[in-house]
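Q: Once you have looked at the hints, place chain S on chain C.
Taken in order, these protein sequences are the chains called C and S.
Here the first sequence is numbered in our numbering, starting from 1 and rising by one per residue.
Here the second sequence is numbered in our numbering, starting from 1 and rising by one per residue.
Everything labelled a hint here was simulated from the structure, so no lab data went into it.
Just so you know, nobody snuck in bad clues.
Quick list of simulated restraints, FRET-style, between CB atoms:
#, chain 1, residue 1, chain 2, residue 2, range
1, S, Lys2, C, Gln417, 31 to 39 Å
2, C, Gln555, S, Lys418, 51 to 59 Å
3, C, Lys114, S, His186, 31 to 39 Å
Pairs of lysine-lysine residues, derived as DSBU-like cross-links and limited to a Cα-Cα distance of at most 30 Å, are as follows:
#, chain 1, residue 1, chain 2, residue 2
4, S, Lys2, C, Lys255
5, S, Lys255, C, Lys2
6, S, Lys573, C, Lys500
7, S, Lys581, C, Lys573
8, C, Lys581, S, Lys566
9, C, Lys566, S, Lys500
10, S, Lys366, S, Lys344
11, C, Lys460, S, Lys100
12, C, Lys366, C, Lys343
As the structure is a computational prediction, the values presented were derived from the model and not from experiment.
The C-beta atom is built at its ideal place from N, Cα and C for all residues, glycine as well.
There are 2 protein chains.
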Amino acid sequence: MKRTNYCGDITAALLGTKQTLCGWVNSYRNHGGVLFIDVRDRSGICQVVVEPSRPFFDIAYGLRNEYVIEVTGTVQRRIEGAVNPNMKTGEIEVVAEDLKVLNTSIPLPFDVDKSRGVAEEIRLKYRYLDLRNPKMFANLYLRHRIAQAARRYLDANGFIEVETPVLTRSTPEGARDYLVPSRVHHGEFYALPQSPQMFKQTLMASGIDRYFQLARCFRDEDLRADRQPEHTQIDMEMSFVTIDDIHEIVEGLMKEIFKTAGKDLQTPFIKLPFDEAMDRFGSDKPDLRYSLEIKNVSSIFANTGFKVFKDVLAANGSIYALRGEKGAAYSRGHLDKLTELAKKNGAKGLVWLKVKGGAFEGPSAKFFTPEEMKAVLNVVQAQDGDVILIGSDVNKRTCQSFMGALRKELVKELPAQKEWAFAWITNFPLLEYIPEEDRWDAAHNPFTAAVEEDLPNLEKDPGSVRSYQFDLVLNGNELASGSVRNCRREVQERILALMKHSKEDAAIRFGMLLNALEAGAPPHGGIGLGLDRITALLAGEESIREVIAFPKTAQAVCPLTESPNKVDENQLKELGIAIVKE
Amino acid sequence: MKRTNYCGDITAALLGTKQTLCGWVNSYRNHGGVLFIDVRDRSGICQVVVEPSRPFFDIAYGLRNEYVIEVTGTVQRRIEGAVNPNMKTGEIEVVAEDLKVLNTSIPLPFDVDKSRGVAEEIRLKYRYLDLRNPKMFANLYLRHRIAQAARRYLDANGFIEVETPVLTRSTPEGARDYLVPSRVHHGEFYALPQSPQMFKQTLMASGIDRYFQLARCFRDEDLRADRQPEHTQIDMEMSFVTIDDIHEIVEGLMKEIFKTAGKDLQTPFIKLPFDEAMDRFGSDKPDLRYSLEIKNVSSIFANTGFKVFKDVLAANGSIYALRGEKGAAYSRGHLDKLTELAKKNGAKGLVWLKVKGGAFEGPSAKFFTPEEMKAVLNVVQAQDGDVILIGSDVNKRTCQSFMGALRKELVKELPAQKEWAFAWITNFPLLEYIPEEDRWDAAHNPFTAAVEEDLPNLEKDPGSVRSYQFDLVLNGNELASGSVRNCRREVQERILALMKHSKEDAAIRFGMLLNALEAGAPPHGGIGLGLDRITALLAGEESIREVIAFPKTAQAVCPLTESPNKVDENQLKELGIAIVKE
Numbered sequence: 001m002k003r004t005n006y007c008g009d010i011t012a013a014l015l016g017t018k019q020t021l022c023g024w025v026n027s028y029r030n031h032g033g034v035l036f037i038d039v040r041d042r043s044g045i046c047q048v049v050v051e052p053s054r055p056f057f058d059i060a061y062g063l064r065n066e067y068v069i070e071v072t073g074t075v076q077r078r079i080e081g082a083v084n085p086n087m088k089t090g091e092i093e094v095v096a097e098d099l100k101v102l103n104t105s106i107p108l109p110f111d112v113d114k115s116r117g118v119a120e121e122i123r124l125k126y127r128y129l130d131l132r133n134p135k136m137f138a139n140l141y142l143r144h145r146i147a148q149a150a151r152r153y154l155d156a157n158g159f160i161e162v163e164t165p166v167l168t169r170s171t172p173e174g175a176r177d178y179l180v181p182s183r184v185h186h187g188e189f190y191a192l193p194q195s196p197q198m199f200k201q202t203l204m205a206s207g208i209d210r211y212f213q214l215a216r217c218f219r220d221e222d223l224r225a226d227r228q229p230e231h232t233q234i235d236m237e238m239s240f241v242t243i244d245d246i247h248e249i250v251e252g253l254m255k256e257i258f259k260t261a262g263k264d265l266q267t268p269f270i271k272l273p274f275d276e277a278m279d280r281f282g283s284d285k286p287d288l289r290y291s292l293e294i295k296n297v298s299s300i301f302a303n304t305g306f307k308v309f310k311d312v313l314a315a316n317g318s319i320y321a322l323r324g325e326k327g328a329a330y331s332r333g334h335l336d337k338l339t340e341l342a343k344k345n346g347a348k349g350l351v352w353l354k355v356k357g358g359a360f361e362g363p364s365a366k367f368f369t370p371e372e373m374k375a376v377l378n379v380v381q382a383q384d385g386d387v388i389l390i391g392s393d394v395n396k397r398t399c400q401s402f403m404g405a406l407r408k409e410l411v412k413e414l415p416a417q418k419e420w421a422f423a424w425i426t427n428f429p430l431l432e433y434i435p436e437e438d439r440w441d442a443a444h445n446p447f448t449a450a451v452e453e454d455l456p457n458l459e460k461d462p463g464s465v466r467s468y469q470f471d472l473v474l475n476g477n478e479l480a481s482g483s484v485r486n487c488r489r490e491v492q493e494r495i496l497a498l499m500k501h502s503k504e505d506a507a508i509r510f511g512m513l514l515n516a517l518e519a520g521a522p523p524h525g526g527i528g529l530g531l532d533r534i535t536a537l538l539a540g541e542e543s544i545r546e547v548i549a550f551p552k553t554a555q556a557v558c559p560l561t562e563s564p565n566k567v568d569e570n571q572l573k574e575l576g577i578a579i580v581k582e
Numbered sequence: 001m002k003r004t005n006y007c008g009d010i011t012a013a014l015l016g017t018k019q020t021l022c023g024w025v026n027s028y029r030n031h032g033g034v035l036f037i038d039v040r041d042r043s044g045i046c047q048v049v050v051e052p053s054r055p056f057f058d059i060a061y062g063l064r065n066e067y068v069i070e071v072t073g074t075v076q077r078r079i080e081g082a083v084n085p086n087m088k089t090g091e092i093e094v095v096a097e098d099l100k101v102l103n104t105s106i107p108l109p110f111d112v113d114k115s116r117g118v119a120e121e122i123r124l125k126y127r128y129l130d131l132r133n134p135k136m137f138a139n140l141y142l143r144h145r146i147a148q149a150a151r152r153y154l155d156a157n158g159f160i161e162v163e164t165p166v167l168t169r170s171t172p173e174g175a176r177d178y179l180v181p182s183r184v185h186h187g188e189f190y191a192l193p194q195s196p197q198m199f200k201q202t203l204m205a206s207g208i209d210r211y212f213q214l215a216r217c218f219r220d221e222d223l224r225a226d227r228q229p230e231h232t233q234i235d236m237e238m239s240f241v242t243i244d245d246i247h248e249i250v251e252g253l254m255k256e257i258f259k260t261a262g263k264d265l266q267t268p269f270i271k272l273p274f275d276e277a278m279d280r281f282g283s284d285k286p287d288l289r290y291s292l293e294i295k296n297v298s299s300i301f302a303n304t305g306f307k308v309f310k311d312v313l314a315a316n317g318s319i320y321a322l323r324g325e326k327g328a329a330y331s332r333g334h335l336d337k338l339t340e341l342a343k344k345n346g347a348k349g350l351v352w353l354k355v356k357g358g359a360f361e362g363p364s365a366k367f368f369t370p371e372e373m374k375a376v377l378n379v380v381q382a383q384d385g386d387v388i389l390i391g392s393d394v395n396k397r398t399c400q401s402f403m404g405a406l407r408k409e410l411v412k413e414l415p416a417q418k419e420w421a422f423a424w425i426t427n428f429p430l431l432e433y434i435p436e437e438d439r440w441d442a443a444h445n446p447f448t449a450a451v452e453e454d455l456p457n458l459e460k461d462p463g464s465v466r467s468y469q470f471d472l473v474l475n476g477n478e479l480a481s482g483s484v485r486n487c488r489r490e491v492q493e494r495i496l497a498l499m500k501h502s503k504e505d506a507a508i509r510f511g512m513l514l515n516a517l518e519a520g521a522p523p524h525g526g527i528g529l530g531l532d533r534i535t536a537l538l539a540g541e542e543s544i545r546e547v548i549a550f551p552k553t554a555q556a557v558c559p560l561t562e563s564p565n566k567v568d569e570n571q572l573k574e575l576g577i578a579i580v581k582e
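Chain C extracted, bound-state conformation (with noise of 0.2 Å):
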């Protein structure tokens, strides 16, 4: 066709030349006879101006909005009070002398520029209006720009993008696999992959040294919120690194994404052993455009008469005290609230002492002495009207939980000291005891290697093994996990071996891997970072919903397409399966 520009580029700078634009009628009105519409494409918008003189006038009546038009016409200045300073092409308009509707368009369920205030359930239905938006198109542009810079510089830094299966075998998290019957070997199936972690492990196996992957992964998650059945990672693996050669290469990495952006990151980020993220943060993935730390306070009470105290100290538990700033003007209800919020995530009970004129206020305060409470107050530095919340337990890891579920409600009401606030959370545990199951389970990833010299201690006393697993942390959010990975057989089938996995289990389940460890496979480490979060953060959106093209439902199912359907007996057939009814 012969457009000659978008319709967001037609400036001053245009003034007296013929254009030709292509795009749909963003609105229309009728002014003393004379027509203004709004045509609108990707770029923005242009005024149109026809006048009752010209042969297609009438066409140009019959207009209605999301009609797709062609016009010509010449650009001019318009008049004085007409201008839009707050549009890009707001001091032009184009005189038509030609216009042609290319398609026309039934009356739709709601207008373009209100989308996003319209019930995401209709939103996701019609998504083809949605996506007019102009937010949502920046939203997926700003997806692009991502992509392309992401692919840009780990292409600069020698990695070579591999693309792995998607029918594959079902993994280790065997349980939320997606699974695909086989047409032409009946009664076996394909499963989607969670991750290509063994896959670009095997790459490196393969002397591939450097590889990355913008790769869809798949997961049949129970329903929550923000998750998808698919989303993207920005999967890496690198061969004969370090964790902070894994680290540098993340970190330029992020700074050539927030370029596109607009935004200037420092590097290198902070690097927070996950202790020390417990004990200041009570999170491993702390928000830290915050400085509010929980603090612990076990030893000023160690000689507390207060029971609950008491009784936690003695079995060896923590105490922790955090500051509610302006919290004395906290009414009951909300303390009660927070109360149930510690409830929520471990606590069995929280103690609050309102700083009010030097005293202190609180059902507890009657059991301590003024200096447990005046050394409390000096520790988390609270001033007169804040409150100040003390959480005990016998674990400490859960009341170092609940004290930063509270630090994560008390920070929505400071003001951020910085705009992006990452960190490195390192020195993680390899293993966690599971109870119930009477075994160890990677605290991360079943593949992450030991920290050498804590091997020896690998049977003796698991839960002291130190790995080489971080993660990547930002504004609260964790946008990726990494390590450096086992590279020997022997030393990856003790650490299965310790989740129950025997070894014939081991070599069903990681066949392909443990194969490729023992063939030569260099020490190599690697990270995937989520492409959808990273998106949703840079463009400023609380759901990766907002970023995703064509996303699902959070009950997976998508009202454009309709999906997943019911389908014909015929094609089970095919397949050689059938529905069990419930």
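A: Just chain S now, kept in the frame of chain C:
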């Protein structure tokens, strides 16, 4: 780690410097007590020398093929006579000052540098070894560069990469869809997309304007030699375009892709209408590296006494002839094979005439006049020592097709006149009649637009309606198929009706797209290019499996992961399905 360089980059420019290399033992030799170890990584091979006086000599002595080592040493010039001019690193060697074994390897089933000669099933089972072969790495690296070049070019031309869902709805060509049972919605299924066709058209209705994606496509094919259950498509769609606009963009794209392999392509590509392609080459994907053409010689035999030709012409059939260069020397067995090939492609028989010393020889020669034979000889430009093959059929297309098959066979003996012969095949008919089902079917794509002025004849004479469909062929391979699409629901429904899709059925199968078309869809068109085939051609590989990291066999099996495989009964129970015993 402290790797300073890749093995293949250690050249004379680095003489005297200290370097640390990480890689695999490719081979080792003991020359009078001095060890020579060829260390390999993805970049190439570097010779390392270990002198007997070194403290790590015993470790080096224990090295075996494919052990992974880290070695530090000084780059020195090889002694006279030991220089290998065929190797990038052939002038130098690294004298080891430190050497560590990073990992061992069990003895392996084949040597990495001989892997290409091993049975494919074994290569795929040990793919991590096979991929260490430098040619395999070169293939994956070429694929990576092609993908990056494609993305860079499309990005620079205003295309936006949008990811479309992998878990979606069973599509028009449903019979070959892979299905995925939903655990959350028992009895319902997602389907894996055979292409993002409907999504990309919906994105045009969403105002994206220019879309691309390197899209994974899935098809549960009946087993054929060089097909894969999943393949990758450079998928594009553009709004407000004509066929010529699409061709221009793709020509630029191919130029960029070929540049990555150091090839300079001439554009624009020739355009060959479908009818002409069939008439001149007997194929809709002719190999145009060869100028050889089939020739319609029907008029020469207008008054023939040869009953076969007479009957064919009486029934409005066609006669085509083809020159077989130097074919007068063909044995009877060779000519029988050509006749068989013609028959396999629909011929009832084949006439051949050897041209020998100005005379014509062959079992049918006696039925023709000297004038007829001379005339045919002139048309096909045969010379003394050639054979002329003549075929006839009441159906012109059938005759063209088997003559095209013969052409394809004969050009194997001819020198190619160019390395890369691209062509656009254009002017396809919109619909083809399927006699067995008494219905029309899309000749290519159900969403291709009909030529506007033919629309009034759509129901009266469907076979006469021309389309905006086109193919891109390269050296006899169909690389891509594209078209300008229907952008009006009403027209799309009329076409679907001819394919025997009722309005209700169409709404169920194509609902998303039909709804989007009536909501202000712009005119649009696009194309999908097979990345696997393009890469294989540029890599000089016969099979696309050589350019896919982890391909499946022709039986759709992955010998590396042993998928598809049987799964746990519990997994099926959770999905609400059961295997039907045959």
